[in-house]
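Enquirer: Residue numbers (my numbering), protein chains in the order written: chain A, 248 to 1030; chain B, 76 to 279.
Where hints are given, some of them may not hold.
Straight-line distance between alpha carbons at most 30 Å, and here's what the computed DSSO-like set of lysine-lysine pairs gives [said to hold, decoys possible]:
(1) A/K688 <-> B/K218
(2) B/K218 <-> A/K725
(3) A/K730 <-> A/K917
(4) A/K700 <-> B/K218
Calculated Cβ distances over 10 Å to all of chain A for the following chain B residues [to be verified]:
(5) V85
(6) A94
(7) A107
(8) L125
(9) T128
(10) H135
(11) K139
(12) A144
(13) A183
(14) Y191
(15) A211
(16) M219
Hints were generated in silico from the structure; no laboratory data involved. Even for Gly, the Cβ is constructed at its ideal location relative to N, Cα and C.
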Amino acid sequence: MTSHTIWEVPGGIHPPENKAQSMAQALAECPLAPEYILPLNQHIGAPSAPLVSVGQSVKKYQLIADAEGIFSAALHAPTSGTISAIEERLIAHPSGLSAPCIVIAPDGLDEACPLEPCEQPFALEHAAIVAKIRQAGLVGMGGAGFPSAVKLNPHANTSINTLIINGTECEPYITADDMLMQTHTHELLEGVRLLAHTLGNPDNVLIGVEDNKPEAIAALQEAAHKANQKHGCDIQVVSFPTKYPSGGEKQLIYILTGQEVESGKIPASLGIVVQNVGTAVAAWRAVRYGEPLIERITTVVGQSLQVQRNMRVRIGTPMNFVLEQNGFMASQSARLIVGGPMMGYALEQTCVPVIKTTNCLLAPSHSEMPEAPPQQACIRCGHCAEACPAGLLPQQLYWYARSDEHEKLEAHHLFDCIECGACSYVCPSSIPLVQYYRAAKGDIRKAAADKLKSDKARERFEHRQERLAKEEAAKEAKRQARKAAAELNKAKMAAQQAATETSHSQNLASTSTHKDIQPPAIPAIASAEELVANAATAAKAQQDPTLDKARLSRTVESLASSITRMKAQMAEAVSEGLDPSRIEKMAAKLKQTELKAQEAKTKLDAFDKTLATGVLVDAAAQKMMASPQDAAAKTLSSLQKRLSKAQELHLEAVNENKPSADALKQGVIKLEQKIEEAKQALSEAQNAAPSSSSSEPQQPDAAAAAIERAKQKVQAAASMTPEQKAQAAVESLQKRLSKAQERYAKAQETHDENLEAFATGVEKLELKLKAAMEAQQEGSEQA
Amino acid sequence: MLDWMINNPVPSALLVLAALSLSFGAILGFAAVKYKVEGDLLVEQIDALLPQTQCGQCGHPGCKPYAQAIADGEAINHCPPGGQATINSLASLLGVEAPSLDAEHGQAPEVKQVAYIREEDCIGCTKCIQACPVDAILGAQKKMHTVIESECTGCDLCVEPCPVDCIDLLPVEEGVREWAWEKPNADLIASDRVPSPNSAEASV
Ligand code: SF4
Ligand code: SF4
Ligand code: SF4
Ligand code: SF4
Chain A
248 MTSHTIWEVP GGIHPPENKA QSMAQALAEC PLAPEYILPL NQHIGAPSAP
298 LVSVGQSVKK YQLIADAEGI FSAALHAPTS GTISAIEERL IAHPSGLSAP
348 CIVIAPDGLD EACPLEPCEQ PFALEHAAIV AKIRQAGLVG MGGAGFPSAV
398 KLNPHANTSI NTLIINGTEC EPYITADDML MQTHTHELLE GVRLLAHTLG
448 NPDNVLIGVE DNKPEAIAAL QEAAHKANQK HGCDIQVVSF PTKYPSGGEK
498 QLIYILTGQE VESGKIPASL GIVVQNVGTA VAAWRAVRYG EPLIERITTV
548 VGQSLQVQRN MRVRIGTPMN FVLEQNGFMA SQSARLIVGG PMMGYALEQT
598 CVPVIKTTNC LLAPSHSEMP EAPPQQACIR CGHCAEACPA GLLPQQLYWY
648 ARSDEHEKLE AHHLFDCIEC GACSYVCPSS IPLVQYYRAA KGDIRKAAAD
698 KLKSDKARER FEHRQERLAK EEAAKEAKRQ ARKAAAELNK AKMAAQQAAT
748 ETSHSQNLAS TSTHKDIQPP AIPAIASAEE LVANAATAAK AQQDPTLDKA
798 RLSRTVESLA SSITRMKAQM AEAVSEGLDP SRIEKMAAKL KQTELKAQEA
848 KTKLDAFDKT LATGVLVDAA AQKMMASPQD AAAKTLSSLQ KRLSKAQELH
898 LEAVNENKPS ADALKQGVIK LEQKIEEAKQ ALSEAQNAAP SSSSSEPQQP
948 DAAAAAIERA KQKVQAAASM TPEQKAQAAV ESLQKRLSKA QERYAKAQET
998 HDENLEAFAT GVEKLELKLK AAMEAQQEGS EQA
Chain B
76 MLDWMINNPV PSALLVLAAL SLSFGAILGF AAVKYKVEGD LLVEQIDALL
126 PQTQCGQCGH PGCKPYAQAI ADGEAINHCP PGGQATINSL ASLLGVEAPS
176 LDAEHGQAPE VKQVAYIREE DCIGCTKCIQ ACPVDAILGA QKKMHTVIES
226 ECTGCDLCVE PCPVDCIDLL PVEEGVREWA WEKPNADLIA SDRVPSPNSA
276 EASV
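If we strip away everything but chain A, and leave its shape as in the complex, we get (with noise of 0.2 Å):
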């Protein structure tokens, strides 16, 4: 046995031990209690899930609740039973609140389920053992409950040199380690090796435990020695004196090491992992013999209790009961405390249930722990800041505190404050000054959460105006482009009328000039421009809406390939014979194809319409620029260009025997004639393109080709008599109707948005033809 080094920790303090009581007698075991209340969250980190239902029979080490992610941990049966109930029990916390718990009605048997023990658990790899550890729902024993696991799990890039167990138990009263220490000396040792084997049997192994425990330190030395002799390992025993608080993990490290912990680091990060000796036990059952978690040893004591002892305790045994058994004197005692006088808290009610850190049961006389006296005033007397373990300035914290500074208070570390109660305990005034800490702890978590909820609120909120914001401008744009149109059309309309008008004015007056009619002409053609011009911006400030035609050709084309394909396919199913019932799929599948073809189609061909808004605007500003014999020109050659291409296909398909072929001819007939339209068009604008481009040669286009026809249809008229001229319009209007009624069936046929609006018109027009007629009739009977 190798003597080791011992550093002194700062501050610290010397209350009564108060370790005897509870030593006087040797380990009891609790009997089965009438009810197991299982919290789901008795460690750091996420509840566990619960894996049974209410009423089903489980038995002792079943796992009833796994663990939720790698920060929790798993639940086990501390006995056998039925389920009773999954719901909000009180549990042993400070705030007296209830919590999730299941709840077990044990049925007296104890039955276990088989365990899965393990030979030679040395021989396992570092994750097999922490698989073992984790399923065995272990959890750091001495304090926060910490899930073990995680502990042994370091990230890959820290090697740890170092792993202390922590026995140091220097908290008055509580004697549990102490007595898991004698009587299990073996299995702790075993533990401990086996916990230096699972991280990789780092340099130094310490076992840590304040000098007055002598009968644990005798023990352990000698099981240390006999360890070492047959294993080969280092296992140290230190031994330092008493003082609280030395068991604070990052103090421990310091008394056995030297080495300081950052603020707000783990000891991971010195290379050193630090376990309690309860965990050490635990995990060696856990390995070598299968066994989870479901027990505990519980120091008892007070003096409000007839018998002072420790205690085997099954998780989830009601505190009453565990009192019960020991004698508890509920006239006698001053309150039931969980856990050590210094970092303990008081219970209101004993029906919640001993949890896994669960290491004493406090139950005082009124003269064994009267009330503190009431708070005086802060006399700057500095015993605290001498006594802080951790080097902190208590007063000043407690100033900061009062005043809810919590910058200040982070300033000064507070939460480097491991709550221990030493300068509460040395202070005259008797200031709670922990209560301080932990509310301002409390308060600052809460800060901290709330002000990540309202930038979270605050994000989502300008998120969403930003989405209002823009929705409402794509909504702009589309009215803007959808006036830009109308506005188009209308002016279009407008011109139109305006030659109509003109020739009607023409019919009134029988006598007009040329310059009569061109004032109302020209503003409607400025407009017109402007209009063009304004929707053609319009246009380009929405995306790139050729991006979207390509993409619909794109599928109008895959869908066209596929139909060649499948029709293929079939064709040569059919030639193999294959059997009808999947041709007729076959044939079926084809058919949607081609159903989905045409829909495409017809949105492409919508597309190109609603595009024109755009390209038709291009081009009808380029139109108004040139001249009515250009563009009749233009057309010409553009339809003799879809022409030739339309003769390809037909010849084609022809040669491919396609069902297209028809179609195809109907096409080239219809294209053929278009020529021959636009051909005459072209003639007629090459015949009337002296005049109109001489006296006007800045005049656009459609609008002026249309006020060049009504001039010449004035013209005509003139010359006309009136029954001519009635005559004239009816057979205009007759050959309006007869258009506007093509149009409609169409529209009828093609399931036109628009064909109310077509039925209007053609209503409209027989209304018109009607009077026409009328009016004839009366021209020729006044005649």
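Add chain B with the ligands to chain A, keeping to what the hints say.
Expert: This is chain B with the ligands only, laid out in the frame that chain A set:
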């Protein structure tokens, strides 16, 4: 040059000074453009202190607009969700006296609330979605809607538009995880104590 400067000390000093001030001016001007602070700092700072409930009780369509209004001189006590704490921090930011909450805009809520849609009653009208300032409601036309609890600020804006009144504002439940110690009552003196529990029994 040097000779001239020595012979004409006053004009040369003036020239040098003029040159210096010009160059510094140029540097400062450049810095002002290059290191320009984005956005309005004061408004951002004020906005950071507001609770971001986005409830509109202050008479503005959200916290940011109210922050802007405060920067433009509006009173700082118009935000009920923030309560006195927000007023205090605003007062210390702006260096003014902290007034108490203007009751005209409502009372500070006692507990945090969160909206809850009784899902069996929801008709899927999407009205609440349009009302929620932080997009905390999930749903679609004629489909059941629900509130994402963690995102809801409890602003109350979705309650009114619901045509079937299926939205309730429920207090946020405080579990063991949210619980925190309370500050001890510092002003307690010996005679204020509750009678000693010598006779009282700990409940078993
Ligand atoms: S021990 Fe108490 S009285 Fe003394 S300085 Fe600290 S807080 Fe003040
Ligand atoms: S409770 Fe905190 S401040 Fe007080 S002595 Fe312990 S560590 Fe220091
Ligand atoms: S009243 Fe509502 S909207 Fe206005 S600042 Fe406060 S939380 Fe934001
Ligand atoms: S869900 Fe309702 S209460 Fe919650 S933030 Fe949205 S609108 Fe406000």
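Enquirer: All the hints need checking, so say for each whether the structure fits it.
Expert: Now for the hints, and whether the structure bears them out:
no. : hint              : in the structure
1   : A/K688 <-> B/K218 : 44 Å, violated
2   : B/K218 <-> A/K725 : 29 Å, holds
3   : A/K730 <-> A/K917 : 34 Å, violated
4   : A/K700 <-> B/K218 : 28 Å, holds
5   : V85               : 55 Å, holds
6   : A94               : 47 Å, holds
7   : A107              : 27 Å, holds
8   : L125              : 8 Å, violated
9   : T128              : 7 Å, violated
10  : H135              : 12 Å, holds
11  : K139              : 8 Å, violated
12  : A144              : 16 Å, holds
13  : A183              : 14 Å, holds
14  : Y191              : 17 Å, holds
15  : A211              : 7 Å, violated
16  : M219              : 22 Å, holds
Hints 1, 3, 8, 9, 11 and 15, counting from the list given before, are not met by this structure.
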